[in-house]
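*Asks:* Each protein sequence line maps, in turn, to chains A and B. Position 78 (the first sequence) corresponds to 66 in the working numbering; numbering is contiguous. The number in the working numbering is simply the position in the second sequence, starting from 1, with 7 added.
These aren't lab readings, by the way, just hints derived from the structure by calculation. Heads up, the beta-carbon is just placed ideally off N, CA and C, and yes, glycines get one too. One thing to keep in mind: the hints can contain errors.
To be clear about the criterion: a stretch of chain A counts as covered by chain B if any three or more of its residues have a C-beta under 8 Å from a C-beta of chain B, and this derived list gives those stretches [said to hold, decoys possible]:
(1) 157 to 165
(2) 174 to 183
(3) 188 to 194
Within a straight-line C-alpha distance of at most 20 Å, the following computed EDC-like cross-link-like pairs (lysine to aspartate or glutamate) qualify [what the hints assert, rightly or not]:
(4) Lys341/A - Glu96/B
(5) Lys155/A - Glu34/B
(6) Lys178/A - Glu96/B
(7) Lys73/A - Glu43/A
(8) Lys297/A - Glu96/B
(9) Lys339/A - Glu97/B
(10) Lys177/A - Glu96/B
(11) Lys178/A - Glu97/B
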Amino acid sequence: MKKYFLTEKYFLHFLRVSRKSEKRRKKTVRKTKAINRRCHGKKKEEVEIIRGYRENIKAPENCSLLNNSEEVIKFISKIEEAFQKFRSTFVILREVKNFDYGALTLLLSTMSSFKIKGLKFNGNQPKEINARVLINDSGFFESLYKNRNGAEYSLGSPNQIITHMDKNVIPQVVLPIMEESSKTIWGDKKIISGLHSALMELMQNTNNHASFGVLGEKHWWLSINHDKQNRRVSFSFVDHGVGIVRSLKGKPKESPWYNIASALKIRNDCDFIQKLMEGALHKAASKTTTKKSYRGKGLPNIKRMVDYKYISNLHIITNNVHGNVESGEYNLLSNEFKGTFFYWEIGDSNKNKPWNIQYQ
Amino acid sequence: MEHSISVADFSVTPGPRLKVEGAFSGELFRETVLKPAFENAIQKGNKLTVNLDGTLGYGTSFLEEAFGGLAREKEVKSVLNNLAIIATEEPYLVEDIKEYIAKANG
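Work out the full structure, taking the sequences as your base and the hints as a guide.
*Replies:* Okay, here's the thing in structure tokens:
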């Protein structure tokens, strides 16, 4: 009887197995060579980083979301891409010379998704002393590694960034935020009703629109920085949803939004976001649609809070648009941010009212 | 006898539109406070006065769901005629609410 390993069937099987094995070996050699090339001439600590993580992503020197949004969004997009591919990631902050709280919040919310999924990540600190002090004083690392509770709020050291994360609308969180913010700005508790309105609109927006057709799926992030020296409080609100442009462009073809966009002669995505913030889209919608046309007032209401001087320096970054709402300058970005980011400030030139809250 | 309610007695931090979206929603306020008070006032032939002062502020969704929602349940005309709004801290809210009621059905 002919032995099995001498048969043609076995020969073909053996050929297949050995080809696969050779392919795997070559792939490993290629990867090792690539890592060795990247390690060539590097210091020992850098070599450890390269060998320990599949992705090494370098932050731009000017890591300011307001002044260098293009580069910061590109940097964040690379991290998000690594996360999507489930790759361990090392974030290189060593060369960062300038950080702002917007970029820090965006980085924090992006890196937290690694933590939530249990994906390995790490990073180094900036060489530049000011950037390093800012990141350390902000409580960035504590925020990244602590266990969160969305309803918790506590004020730490001056200039600390305080972060909340949740999926639902949490109105209760506004009370301590308003108390502490007004104390930083005016030295006493004051009512800033525009702050409550803005936060409600943004939390509601994330809950309703951050995912296609699913309510309350995406988290929102709120970070607050108390600059006690300059009596100014800045707010960064982020969600990693689909973004406003994509949310509306993703509507079904029969949606009246397409007729509205056409009637308003919207030129591009910048024009679209500007008309949305300024309420032109909502006005047109209430004239032309009948189904739930009473909705969609949230973003124009935030713009109204700027007009009423409750909040200042409002910026929006969503998908490929960066808008300075106060000055009316809207620019197209070449790198897309998958989500929505809002930034605003409140200082002593903003409006407030006496504190008349009766605690329940 | 005058019929009046204050939103601040419901919450100093009014919340989202719907109950499923978070605490102190417009839907909850309408169901538990506004609608019973409105029906009671109508039954006794009075107007209902709603005081918006004494809270931290409002999102548009809360107000629309509370007042626009009431107009969708009752008649727009009846709500417009039998509801008075006090908003000394944020006077623009009175016009907003009138618009929500008038356009409650799209």
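*Asks:* Would you mind marking each hint as holding or not holding in the structure?
*Replies:* Quick rundown of the hints versus the structure:
Only when three residues or more bring their CB closer than 8 Å to a CB of chain B does the claim for the region 157 to 165 of chain A stand; here the count is 6, and the claim holds. Three residues within the 8 Å Cβ limit are the bar, and the region 174 to 183 of chain A against chain B gives 5, so the coverage statement holds. Coverage of the region 188 to 194 of chain A by chain B holds in this model, with 4 residues showing a Cβ closer than 8 Å to a Cβ of that chain against a need of three. Between Lys341/A and Glu96/B the CA atoms are separated by roughly 8 Å; this keeps the pair inside 20 Å, and the hint holds.
At roughly 19 Å between alpha-carbon atoms, Lys155/A and Glu34/B fall within 20 Å of each other, so this suggested pair holds. The straight-line distance between the Cα atoms of Lys178/A and Glu96/B is roughly 13 Å, inside the 20 Å bound, and the hint therefore holds. For the hint linking Lys73/A to Glu43/A, the alpha-carbon distance of about 10 Å falls within 20 Å, and the restraint holds. About 15 Å separates the Cα atoms of Lys297/A and Glu96/B, which keeps this hinted pair within 20 Å; it holds.
Between the alpha carbons of Lys339/A and Glu97/B the distance comes to roughly 12 Å, so the proposed pair stays at or under 20 Å and holds. A threshold of 20 Å between alpha carbons decides the hint, and for Lys177/A with Glu96/B the separation of about 16 Å falls inside it, so the pair holds. With a C-alpha separation of about 15 Å, the suggested pair Lys178/A and Glu97/B falls inside the 20 Å cut-off, and the hint holds.
Checked against the numbered hints above, the structure violates none of them.
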